[in-house]
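Residue numbers (full-length UniProt numbering), protein chains in the order written: chain A, 1 to 236; chain B, 1 to 236; chain C, 1 to 236; chain D, 1 to 236.
To be clear, the hints were calculated from the coordinates, so they are not data collected in a lab.
Ideal Cβ positions, reconstructed from N, Cα and C, are used throughout, including at glycine.
Mixed in with the good hints, there may be bad ones.
Output of the computed footprint for chain B on chain C, the stretches with three or more beta carbons under 8 Å from beta carbons of chain B [claimed, not checked]: (1) 9-19; (2) 30-41; (3) 179-185.
Under 10 Å between C-beta atoms, here's a sample of chain A residues computed to sit facing chain D [as the list claims (entries may be wrong)]: (4) G78; (5) S82; (6) R84; (7) D112; (8) G162; (9) H163; (10) F220.
Protein chains: 4
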Amino acid sequence: MTVFDSGLEDAIQAVREDVSALHGELVRNGLVIWTGGNVSGRVPGADLFVIKPSGVAYDDLAPENMILCDLDGAVIAGTPGSERSPSSDTAAHAYVYRNMPEVGGVVHTHSDYATAWAARGEEIPCVITAMADEFGGPIPVGPFAIIGDDSIGRGIVETLSGHRSRAVLMANHGPFTIGRDARDAVKAAVMVEDVARTVHIARQGGPLIPLAQEAIDSLFTRYQNVYGQAPQGAIA
Amino acid sequence: MTVFDSGLEDAIQAVREDVSALHGELVRNGLVIWTGGNVSGRVPGADLFVIKPSGVAYDDLAPENMILCDLDGAVIAGTPGSERSPSSDTAAHAYVYRNMPEVGGVVHTHSDYATAWAARGEEIPCVITAMADEFGGPIPVGPFAIIGDDSIGRGIVETLSGHRSRAVLMANHGPFTIGRDARDAVKAAVMVEDVARTVHIARQGGPLIPLAQEAIDSLFTRYQNVYGQAPQGAIA
Amino acid sequence: MTVFDSGLEDAIQAVREDVSALHGELVRNGLVIWTGGNVSGRVPGADLFVIKPSGVAYDDLAPENMILCDLDGAVIAGTPGSERSPSSDTAAHAYVYRNMPEVGGVVHTHSDYATAWAARGEEIPCVITAMADEFGGPIPVGPFAIIGDDSIGRGIVETLSGHRSRAVLMANHGPFTIGRDARDAVKAAVMVEDVARTVHIARQGGPLIPLAQEAIDSLFTRYQNVYGQAPQGAIA
Amino acid sequence: MTVFDSGLEDAIQAVREDVSALHGELVRNGLVIWTGGNVSGRVPGADLFVIKPSGVAYDDLAPENMILCDLDGAVIAGTPGSERSPSSDTAAHAYVYRNMPEVGGVVHTHSDYATAWAARGEEIPCVITAMADEFGGPIPVGPFAIIGDDSIGRGIVETLSGHRSRAVLMANHGPFTIGRDARDAVKAAVMVEDVARTVHIARQGGPLIPLAQEAIDSLFTRYQNVYGQAPQGAIA
């Protein structure tokens with residue numbers, strides 16, 4: 001059995017518990033069906049992350065069957081869960097962690113409305129204040145990329161680097177979101193589906209009122225700095 | 001610790017319990033996600049109101065972490081919950097209580113269909129009897145207003161003063177509702193989303209039959225006076 | 001206290017339990033919000049029916065607060081629940097029971113998709129086999145009728161008499177359904193919303209394939225006679 | 001009482017438990033209302049399958065009231081549940097088992113979005129990667145077929161034989177899905193509704209980006225061979 005020093009073991013265990021529990025938020029918010037969707041979280045202070053096993057029912061997820069990987073996406077042998085295959089999107093998560101050191105969590109779903117925008121390859125325009133608060137502008141579209149090599153990860157990183165948005169709509173595929181930790185990335189996954197739905201419905205009814213860039217900037221800056229309870233972090 | 005006389009303490013406690021529990025109705029009716037949305041209630045007979053803390057999960061809300069504020073939106077130091085920041089919409093709630101003495105409850109959500117009408121800046125036409133009953137006519141649109149000063153509160157008050165509707169769609173933002181108490185304002189928040197959805201769906205299918213003003217007036221008058229159980233109040 | 005002979009007391013109690021429980025199906029199927037919607041059931045062998053009280057929360061409904069009425073809609077004094085006001089739609093239910101002796105249950109909701117068709121005054125065309133099975137053709141529209149006299153009841157009876165459909169879309173108002181008992185009327189309320197939704201969505205995507213009248217007739221006849229378990233009745 | 005050898009009894013019991021429990025997945029995923037929809041599963045190694053009784057409430061389903069049939073759809077007398085009528089779609093399930101020996105499970109629902117495509121007789125184009133993974137191309141439309149003889153079964157078999165898709169949209173009726181066992185067919189029923197909804201919503205917003213055939217082929221091949229946990233089978 002692979003053994004880490006006890007501080008690192010505690011950090012890994014905390015991320016296992018977080019990542020396992022956060023999958024429940026995907027279900028509760030209607031973002032996933034069957035075994036689709038996945039959450040991962042970086043282990044603070046180590047080149048490791050924790051991710052869901054592939055094709056396992058949501059009811060069967062538990063901290064001890066989450067899978068520990070290095071930043072190349074290789075399973076760490078001899079750790080709990082390592083006898084299973086990790087999520088088929090593991091390579092994309094690993095690529096993000098390797099190339100965006102500020103990212104502590106990654107989420108992928110096929111939530112319906114966000115995926116609908118992705119099927120048209122159309123960014124979601126920023127026309128409501130909740131979207132300005134959370135994403136600071138439109139939700140961008142990433143390239144079409146086939147699963148199985150680094151092309152999904154590269155598409156995510158190229159689209160989101162230097163962008164305010166923590167969500168990208170991968171063309172013909174669905175949303176990937178990032179955050180400073182797994183919870184923050186899950187929040188972005190919940191919010192991107194909500195704004196995708198609201199803006200879709202709005203536009204079905206007629207032309208939208210644009211939000212001025214100045215208003216978007218002001219809302220984004222305030223929300224990132226003022227909202228929430230200070231001791232728990234600015235956004236959570 | 002701030003201490004009020006026991007009658008006022010009881011009144012405050014009752015509002016804390018009400019406001020805390022009513023947030024559950026926002027969740028149950030699908031009006032909010034994550035930590036979005038807020039309910040407040042005026043303390044009868046005092047220049048005080050109780051509101052949700054900012055950015056706290058719905059599962060963690062309890063009477064003792066609701067926050068007591070004066071009518072300028074300042075937290076009353078030394079009361080339960082006062083170590084936290086109140087909802088970032090507190091200034092808007094306070095403005096309404098200062099300027100509409102008949103209002104005992106205020107609710108704000110980003111519910112999807114109501115927010116969709118708001119993103120177009122379009123009032124919801126009164127074409128169904130349930131809407132005539134509850135709102136007595138169309139749901140009006142309020143101005144676009146940036147968070148952080150009195151402009152949201154002013155927009156709500158200017159739009160709803162002298163209007164039958166207890167709901168306003170703040171442009172590019174979402175619905176605010178008022179009521180004689182917090183429960184009544186939550187009911188309006190539930191109903192405005194329902195009529196926003198029904199009328200949206202109706203109009204996607206073709207032209208709507210208008211309701212005659214005379215029919216609207218008759219329905220509104222009857223509902224405000226006859227519906228429900230007399231001892232529990234005409235509307236609740 | 002009003003006392004009936006014991007056989008009638010048992011029959012009344014059975015209907016109270018049925019009608020109370022069946023309101024839960026309206027909630028479970030997403031047909032109602034807040035205190036909207038109502039179910040009633042005729043007491044077999046008597047000129048009496050049981051209906052929901054007005055404006056009471058769904059969680060608070062129980063057999064003993066259902067209200068017993070005669071076929072003019074008058075509350076039977078001295079019976080459980082008689083201290084409260086019955087549903088504001090009681091006159092319409094009573095009119096149906098007086099004029100359609102074969103009807104044993106009536107349901108009214110403002111379910112979203114059915115009400116959307118009603119807001120356009122447009123019948124739902126019969127283009128799917130489930131609708132032919134259950135309703136034997138299109139769902140008809142009834143006249144606009146103001147609450148407070150017999151005009152809603154008259155509109156229901158005139159539209160549904162001699163019609164295969166157990167559902168009518170009252171213009172600008174919403175669906176009323178009838179059945180051989182309260183459960184059968186609730187089933188029709190569930191099914192009319194489902195077909196209203198499916199046919200709405202279908203038509204948003206393009207032209208529909210008509211169902212031949214001969215196919216509709218054949219499906220309706222078979223379903224009314226063959227479906228389900230014989231001892232429990234042909235439809236339930 | 002009909003008695004089989006104990007190995008076969010165990011196999012039958014296992015399928016009864018599976019089929020009964022899997023009906024809960026139809027409810028949980030919002031694919032069915034009231035008593036609509038049905039799941040069946042072939043008994044491995046025997047010319048038998050297990051199916052839901054007709055018109056029984058989902059809450060009342062249990063392993064012992066599932067019904068055992070031969071491959072002509074005849075109920076096996078003297079087995080648990082044999083006093084009831086099987087699903088009115090039993091003949092269609094039986095036809096599939098007789099003619100597609102590789103099929104171990106069949107599911108039928110009237111789920112809203114899939115049925116909407118069926119009401120237009122329009123196949124669902126393959127424009128999202130989840131659909132390429134699961135179905136390997138478009139979801140085909142089957143002929144309009146009246147219930148009561150082999151025409152539904154024949155339509156399913158003719159449409160799906162040699163097709164990658166495990167789902168067919170029977171015109172003006174709704175989806176039927178097949179799988180290597182009942183669970184696999186239920187997964188296909190869940191996925192076909194999800195892709196029907198996502199592609200519907202996508203197309204309401206404007207033109208879709210086609211997926212190249214080469215990309216579809218690559219996604220389908222990988223998913224059928226790599227996804228999930230090897231010991232539990234490639235797809236489940």
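Evaluated hints:
1. 9-19: violated (count 0)
2. 30-41: holds (count 4)
3. 179-185: violated (count 0)
4. G78: Violated. Min distance 18 Å.
5. S82: This hint is violated: A/S82 lies away from chain D, its Cβ roughly 13 Å from the closest one there, beyond 10 Å.
6. R84: holds, 5 Å
7. D112: holds, 5 Å
8. G162: This hint is violated: A/G162 lies away from chain D, its Cβ roughly 25 Å from the closest one there, beyond 10 Å.
9. H163: violated, 21 Å
10. F220: violated, 25 Å
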